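Model the placement of chain S on the given structure of chain H, informed by the hints.
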Amino acid sequence: MLYAILCYDSEDAVSSWPKEKDDEVMARLGAILDRVEAEGRLGPVARLLPTTAATTVRKGGEQLVLDGPFAETKEQLLGFYVVDVESLDEAIALARELGQAVGSGGAHEVRPIGHFRAPRSAG
Amino acid sequence: MSDLAWIDGALAAARPKAVAALLRYFRDLDTAEEAFQEACLRALRKWPEQGPPRDPAAWLILVGRNSGVDAARRAKRLTPIEDEAALSDLGDAEAEAAERLDGERYRDDILRLMFVCCHPDLPATQQIALALRIVSGLTVQQIARAFLVGDRAMEQRITRAKARVAQAGVPFETPGAVERAERLGVVMKMVYLVFNEGYSASGAEARQREILCGEAIRLARLLLRLFPVEPEVMGLLALLLLQHARSAARLDADGQVVLLEDQDRGLWNGKAITEGLALIDKAMRHRRPGPYQIQAAIAALHARAATPEATDWAQIALLYRRLEEIEPSPVITLNRAVAVLKVDGVEAALALVEPLRERLGGYFYLHGLRGALLERLGRREEAREAFQRAIALAGSAAEVAHIRRHLDRLAQAEEA
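From first to last, the protein sequence lines stand for chains H and S.
Numbered according to our numbering, the first sequence spans residues 1 to 123.
Numbered according to our numbering, the second sequence spans residues 124 to 539.
Hint data in this document are derived by calculation from the structure and do not stem from the laboratory.
Please note that a few of the clues may not be correct.
To be verified - Some chain S residues near chain H, calculated using beta-carbon distances under 8 Å:
id : residue
1  : Gly132
2  : Ala136
3  : Pro175
4  : Asp178
5  : Ala291
6  : Thr397
7  : Leu479
8  : Arg480
To be verified - Straight-line C-alpha distance at most 25 Å; calculated DMTMM-like pairs for lysine to aspartate or glutamate:
id : chain 1 : residue 1 : chain 2 : residue 2
9  : S       : Lys312    : S       : Glu328
10 : H       : Lys74     : S       : Asp231
11 : S       : Lys312    : H       : Glu37
12 : S       : Lys394    : S       : Glu448
13 : S       : Lys465    : S       : Asp531
14 : H       : Lys19     : H       : Glu86
15 : H       : Lys59     : S       : Asp404
16 : S       : Lys394    : H       : Glu24
17 : S       : Lys394    : S       : Glu384
18 : S       : Lys169    : S       : Asp131
19 : S       : Lys394    : H       : Glu62
20 : H       : Lys19     : S       : Glu333
21 : H       : Lys21     : S       : Glu333
22 : H       : Lys21     : S       : Asp131
23 : S       : Lys394    : H       : Asp84
24 : H       : Lys19     : H       : Glu39
25 : H       : Lys59     : H       : Glu72
26 : H       : Lys21     : H       : Glu37
27 : H       : Lys19     : S       : Glu328
28 : S       : Lys465    : S       : Glu522
29 : H       : Lys19     : S       : Asp387
Claimed, not checked - Calculated from the model, a selection of chain H residues having no Cβ within reach of chain S, i.e. all distances over 12 Å:
id : residue
30 : Ser15
31 : Lys19
32 : Lys21
33 : Val65
34 : Asp84
35 : Ile92
36 : Arg120
Only a predicted model underlies this, so the values are computations on that prediction, with no experimental measurement involved.
Beta carbons are placed, not taken as given, at the ideal position from N, Cα and C, and that holds for glycine.
With the rest of the complex left out, here is chain H:
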């Protein structure tokens, strides 16, 4: 089963990490992802640039183009992982592990994926 693990956290807090701390966290996450990849269970992983760089295109009628992210909330969508796991429990366990490696506030949303298409060049 494919799951998306969506990472939400306070952008303010994460972006105020000094570089050493950011590198440290990325290294810890990298170690986990290396393992998951070796098990053949890892799909695309993305870390998103700040929401200030985001543009939102509303659907429907006028298709308005707005500056900023879709939702203004205390925590923002900062990135995501796509993983291939046997069960929800396994996905939750992985989300826990990732969360521990980051060690900040925020949350991981675990969402099953209905349709997935990877670019042909990938993999």
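Chain S only, in chain H's frame:
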């Protein structure tokens, strides 16, 4: 992962918002800062046991406000100090405070906090030092190091700046639209100055001052968070990101400046460039150009060029032209001359430079560029004079070395 590391990050992130709201409440910079410090101390005690609050800024504002009131009362010996326990149950109060302190209000609060640091009576260096201390929360030692002065001297500078601000009083009324725009303009300029303080450094001091570039980017990001649809704020952040993206390539091992065309573009920071390009694209959609956007657009053209030869100089010349129209300045004209040189040739560039001689007579780059143009036209005697004047005005060893190379080449050409 320790709790303390997380808390440090959360406190730093909440600082501008919390100090800004406390300033509105206490109407005094020192009290607001003290209250914030007090709230931080309590956070360090409470958060590890209670877990982090959902809205750290709201928690700090509320606790800071109470503790500040305590301190004031203590000073006046009016009522006994409130029990710590009275502050322990913040669940509802916190949510309520967060609701009250809605986005609009935060925006004016933070803008005000940044604006009071930009008091026109303060020289630029004091504005910057004050903003770094109050808004960014850098320690006096960190700021002193970045400004290459002693801790004591910086402490005094900040104290003097604070006294001046206190004397002038803080503008508390909620600003109208025009006033808000004016304040934003002043604050953007201050952020740009912070960046330049770090960016203009070279030599052994450069690494030490780099912290200023990072802080300026943080402040610009904060401003954009407050004014997410303001194209000039997007332009400012884009400009800082695109310039800072080159930092690893723009100084050599000795800390000497490497010219743009000689830089190893592989060392440019791709992530910062991506973000900068996205921001300038966003800004341009608004079709309300301004000086920061135009400068960012110029930086973007350099960033997009994989090699110096691939640079779109024609577009850059046009953008400088546009910038000149909005903000006439001989320095901008001089920059345009460099682009014009690439597009229309030496004569056209020299025609732009000659009229600037009077106004930019004391400017290193004018004489350096003029010398190079005259050299290319074979007017060697005049070129040598220009280079000699440039050397006399050079601000760094790298600049001297650069002009020396020109002079040596002139001498060789004459011998040949």
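Against the 25 Å threshold, does the CA-CA distance of Lys19 of chain H and Asp387 of chain S hold or violate the hint? holds (23 Å)
Verify the interface restraint on Gly132 of chain S: the C-beta must sit less than 8 Å from at least one C-beta of chain H. holds (5 Å)
Quickly compare the C-alpha distance for Lys21 of chain H and Glu333 of chain S to 25 Å and report which way the hint goes. Distance of about 18 Å is within 25 Å: holds.
Does the alpha-carbon distance linking Lys59 of chain H and Glu72 of chain H stay inside the 25 Å limit? holds (18 Å)
Take a quick look at Arg120 of chain H and tell me if its Cβ sits farther than 12 Å from every Cβ on chain S, holds or violated. holds (23 Å)
Is Lys169 of chain S within 25 Å of Asp131 of chain S, Cα to Cα? The given pair, whose Cα atoms are some 13 Å apart, holds under the 25 Å limit.
Would the non-interface assignment of Ser15 of chain H survive a Cβ cutoff of 12 Å against chain S? violated (7 Å)
What's the verdict on Lys19 of chain H and Glu333 of chain S, does the C-alpha distance respect the 25 Å limit or exceed it? Within the cut-off at roughly 13 Å; holds.
Over 12 Å to the closest beta carbon of chain S is the bar; see if Lys19 of chain H clears it. Answer for Lys19 of chain H: violated, closest chain S Cβ roughly 9 Å.
Assertion that Lys21 of chain H lies outside the chain S interface [Cβ separation over 12 Å]: violated (7 Å)
Closer than 8 Å between Cβ atoms is the bar; does Ala291 of chain S clear it against chain H? Give me holds or violated. violated (30 Å)
Against the 25 Å threshold, does the CA-CA distance of Lys21 of chain H and Glu37 of chain H hold or violate the hint? holds (24 Å)
Checked against the numbered hints given earlier, the structure breaks hints 5, 7, 8, 11, 12, 14, 19, 23, 24, 30, 31, 32 and 33 and satisfies all the rest.
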